[in-house]
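Trainee: Respectively, the protein sequence lines represent chains L and C.
The opening position of the first sequence corresponds to residue 1 in our numbering, with each subsequent residue numbered one higher.
The opening position of the second sequence corresponds to residue 1 in our numbering, with each subsequent residue numbered one higher.
Mixed in with the good hints there might be a few duds.
[As the list claims (entries may be wrong)] Residues of chain C clear of chain L, computed beta-carbon distances all greater than 12 Å:
1) 59
2) 82
3) 240
4) 282
[As the list claims (entries may be wrong)] Chain L stretches covered by chain C per the calculated footprint, using a threshold of three residues with CB under 8 Å from any CB of chain C:
5) 142–156
6) 160–167
7) 175–185
8) 196–205
[Claimed, not checked] No more than 30 Å apart at the CA atoms, straight line, and that leaves these computed lysine-lysine pairs for DSSO-like:
9) C:226 - L:168
10) C:242 - C:276
11) C:147 - L:7
12) C:267 - L:168
13) C:229 - C:215
14) L:166 - C:242
15) C:35 - L:168
16) L:166 - C:53
17) C:20 - L:168
18) L:168 - C:229
19) C:251 - L:168
20) C:118 - L:166
21) C:251 - C:23
22) L:166 - L:108
23) C:193 - L:168
24) C:12 - C:267
25) L:166 - C:226
26) C:12 - L:166
27) C:35 - C:193
28) L:168 - C:215
29) C:35 - L:166
In short, the hints are calculated from the structure, not lab data.
Cβ atoms here follow ideal geometry from the backbone N, Cα and C, with glycine treated the same way.
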Amino acid sequence: MIIAERKPFAEIKAALEPYEKILIVGCGTCVAVCLAGGEKEVGLLASQIKLARGQNGKPVKVGEITVERQCDREFMQPLSDAVADYEIVLSTACGAGVQFLAAMPEMKPVIPALNTTFIGVNEEAGFYTERCRACHNCYLGTTGGICPVTMCPKGLLNGPCGGNLKGKCEVNPDNDCAWCAIYERLDRQGRLDLIDPILPLHPHARTTTPGAIIHPAYKRRYGGHE
Amino acid sequence: MSKLQEALAGGKFPIVVEIKPPKGIDPEAMLAPVKSLNGRVTAFSIPDNEHAKMRLSPVAAAQLVKAAGAEPMIHLTCRDRNRLALESELLGAAALGVENVLIVSGDFVNQGDHPDAKPVYDADSVQLLQIAKGMMAGHDSAGNELKGAPRFYLGAVAIPEADPLGPQLLKVKKKTAAGVDFLITAPVYDLTKLQEFRQKLGAGAAIIATVKVPKAAEVEQALQGKLRKVYTLPASVAQELKADDPAEIEKKGAALAARLLKEIKAKNLADGVYLKARGKGELMAAILEQAGI
C-alpha cells in the first residue's frame, strides 16, 4: 500500500493561515491503514486546528469528511456538494488523491496535509517499511523475492557494492544489505544460479512520468492499440 | 597501451599511488607527489568525488597529471552520472589519452558533503565495465556507432575481507565476466587474508593490493574494537602503531606500509600495489624508500 506521514503541524497551520472555512477531506484506504489520513486522523487534525486558532483568537470553521478513496472518482461525488461552504480543502490523501481531488469540477483550492513516502508494508502497528519503487520491470522472480531496486539504496542489479559490513547496508547499518540477503536466501533455496547472469541496464524509459496503463480488456474503450 | 598495462603484462610489479584532487581550483598540492615521484611509480590514481565529497573532476586532474609528464588513472563512479554522462566522460578521457579507468559504484551520497544530492546509479559497476568494453568495440550502450573507438585499461574494486564473502565473490565473478583487466583490493593489513582471497579468485584479472597508511582515528578505533571498515586492522598491528602524537602514528604507519609493500612483492601476493597515503608525496617517498623501491 501507499505509505504517507503527516506534515509537521506548523507547516499545515501556516498554509491554512489565510482561511477561515476549512474542509478536511480524509481518505479511507492506504493512509487510513498507516494512521496518517483516515477518519480518525482527520478528527484529530480538525481538533488541533481549532485549538490552535482558538489560542490565537482567530475564528475558524472546520468541516470533516472522509471518503473511501480519493484516487477513485466513484467515491468522490459527495465532495462536490460538501465543499460549497468552504474556502479551502485540506486533503489527507496521498499525492495521487490530492491531485484527483484538486482536479474535480467546482473544487476549492486543495492543500496536502501529508507527505507521501513510499509503497510499503505494515511491519507491525505503526511501523511501515518500503518494498517497491514501481519500476515497471519486476526482478523479484530471479532475486529471491527481495527487490534490488528498492532494498538496495543504490539499486544495484548485479551484486552488492563494496560498502556492506557483516551483511548490513553502507547507507543505513540498521538495514540488511539487499544483495547479501538475496544471496543468502537463494543459497538456502539452492537457486544461486539465478543471479549468475549479468543483468542489463534498467529500462528507465518505462518509468517516464506520468505513467498510464490501459488494461488490455479496455483498450478499445480508451482508444489504445492492441 | 598504458604503462600500467605494460607493467602488469610484463610482471613488473607496478606501484600506483593515489593523489587527491583539490576541493577548489588550485592543483598544486595534488600535483606535488606527481612531481616528486614520477619515474619511481607507474601511475597516479585520481578518485572521483571520493567518499561522496565533491572535488575537482578526475578527467581534468588526469590532464594536469599528463601535463606534468606522468600517467594517470581515473576513477569513474556510477553514483554521480547517468549512462550518457558516464559514456561521454569515458570518451573525454580517451580523447585526452587516459586509458586507466577504475570503475566504482561509489559511496552513497549520505556519506559525503552533499547528502541531499540525487544518487544516480543508472549503471552499476558491472554494467559500466560492459559499457566501456562496448565502447572499445566501437559502440555506445544504446548500440550507436562511435567515430573512433577508445582504448581503456579497465579496473574494478574487490574486497578481500568481505563478510559475507559469497556475495562479493559473485560480484567479482561478474566483473571478470564483464572483462575487467585489473582488480584493486580494499586496504589489507593482514596479508594472509589477501593470500586466501587470491586463492579463492583463481586465475583472472591482475590483482593490485591496496596498502594504506592508517589514520590516527582508525588506529584508535581498531584498538577499541570499533573500526567499522570493509577491512580489518588487527589489534596487534594497531598496538604497534599506537602513539600520543598523530605525526608519530603517521610515521609508524608509513613503516608498516613499507613492510606490507615489501612483503606483498617478495611473496608475490599480488601483481602490484596501490598506495594510499593521504596524497602526501613525502610520506609516499618515505614508504617507497623504506620498501626499497
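Trainee: All hints are to be evaluated individually against the structure, with a verdict given for each.
Mentor: Hint by hint, here is what the structure shows:
Distance check on residue 59 (chain C): its Cβ is at least 22 Å (rounded) from any Cβ of chain L, clearing the 12 Å threshold; non-interface status holds. A beta-carbon of chain L comes within 12 Å of the beta-carbon of residue 82 (chain C); the shortest separation is about 8 Å. Against chain L, the non-interface label of residue 240 (chain C) holds: every CB pair exceeds 12 Å, the least being about 24 Å. Interface exclusion of residue 282 (chain C) from chain L stands, the closest Cβ pair being 29 Å apart, more than 12 Å.
Against chain C, the region 142–156 of chain L contributes 4 residues with a C-beta closer than 8 Å to a partner C-beta. That satisfies the three-residue criterion, and the hint holds. Counting residues of the region 160–167 of chain L whose C-beta sits closer than 8 Å to any C-beta of chain C gives 8, which meets the bar of three, so the coverage hint holds. Counting residues of the region 175–185 of chain L whose beta carbon lies closer than 8 Å to any beta carbon of chain C gives 6, which reaches the threshold of three, so the coverage claim holds. Using a Cβ-Cβ cut-off of 8 Å, 7 residues of the region 196–205 of chain L lie near chain C, which meets the minimum of three, so the contact claim holds.
At most 30 Å may separate the alpha-carbon atoms for a hinted pair to count; residue 226 (chain C) and residue 168 (chain L) meet this at roughly 15 Å. A distance of roughly 19 Å separates the Cα atoms of residue 242 (chain C) and residue 276 (chain C); the hinted pair therefore holds under the 30 Å criterion. Only pairs whose Cα atoms come within 30 Å are accepted, and residue 147 (chain C) paired with residue 7 (chain L) is rejected, the gap being roughly 53 Å. Annotation: proposed proximity of residue 267 (chain C) to residue 168 (chain L) is violated, straight-line Cα distance about 34 Å (limit 30 Å).
Restraint check for residue 229 (chain C) and residue 215 (chain C): the C-alpha separation of about 12 Å stays at or below 30 Å, so the hint holds. Proposed proximity of residue 166 (chain L) and residue 242 (chain C) is supported: the alpha carbons are some 26 Å apart, at most 30 Å. For a cut-off of 30 Å, the pair hint linking residue 35 (chain C) to residue 168 (chain L) is broken: about 41 Å separates their Cα positions. For the proposed pair residue 166 (chain L) and residue 53 (chain C), the alpha carbon gap of about 25 Å is at most 30 Å, so the pair holds.
Between residue 20 (chain C) and residue 168 (chain L), the direct Cα distance comes to roughly 29 Å. Compliance with the 30 Å bound is thereby established for this hinted pair. For the hint linking residue 168 (chain L) to residue 229 (chain C), the alpha-carbon distance of about 12 Å falls within 30 Å, and the restraint holds. Between residue 251 (chain C) and residue 168 (chain L) the CA atoms are separated by roughly 34 Å; this puts the pair beyond 30 Å, and the hint is violated. At most 30 Å may separate the alpha-carbon atoms for a hinted pair to count; residue 118 (chain C) and residue 166 (chain L) meet this at roughly 26 Å.
Between residue 251 (chain C) and residue 23 (chain C) the CA atoms are separated by roughly 26 Å; this keeps the pair inside 30 Å, and the hint holds. For the proposed pair residue 166 (chain L) and residue 108 (chain L), the alpha carbon gap of about 54 Å is over 30 Å, so the pair is violated. Annotation: proposed proximity of residue 193 (chain C) to residue 168 (chain L) holds, straight-line Cα distance about 21 Å (limit 30 Å). The straight-line distance between the Cα atoms of residue 12 (chain C) and residue 267 (chain C) is roughly 14 Å, inside the 30 Å bound, and the hint therefore holds.
A distance of roughly 13 Å separates the Cα atoms of residue 166 (chain L) and residue 226 (chain C); the hinted pair therefore holds under the 30 Å criterion. Our distance criterion of 30 Å between C-alpha atoms is broken by residue 12 (chain C) and residue 166 (chain L), whose separation comes to about 36 Å. A distance of roughly 34 Å separates the Cα atoms of residue 35 (chain C) and residue 193 (chain C); the hinted pair therefore is violated under the 30 Å criterion. A hinted pair counts as satisfied when its Cα atoms are at most 30 Å apart, and residue 168 (chain L) with residue 215 (chain C) qualifies at roughly 24 Å.
With a C-alpha separation of about 41 Å, the suggested pairing of residue 35 (chain C) with residue 166 (chain L) is violated against the 30 Å cut-off.
In the structure shown, a violation is registered for the earlier hints numbered 2, 11, 12, 15, 19, 22, 26, 27, 29, in ascending order.
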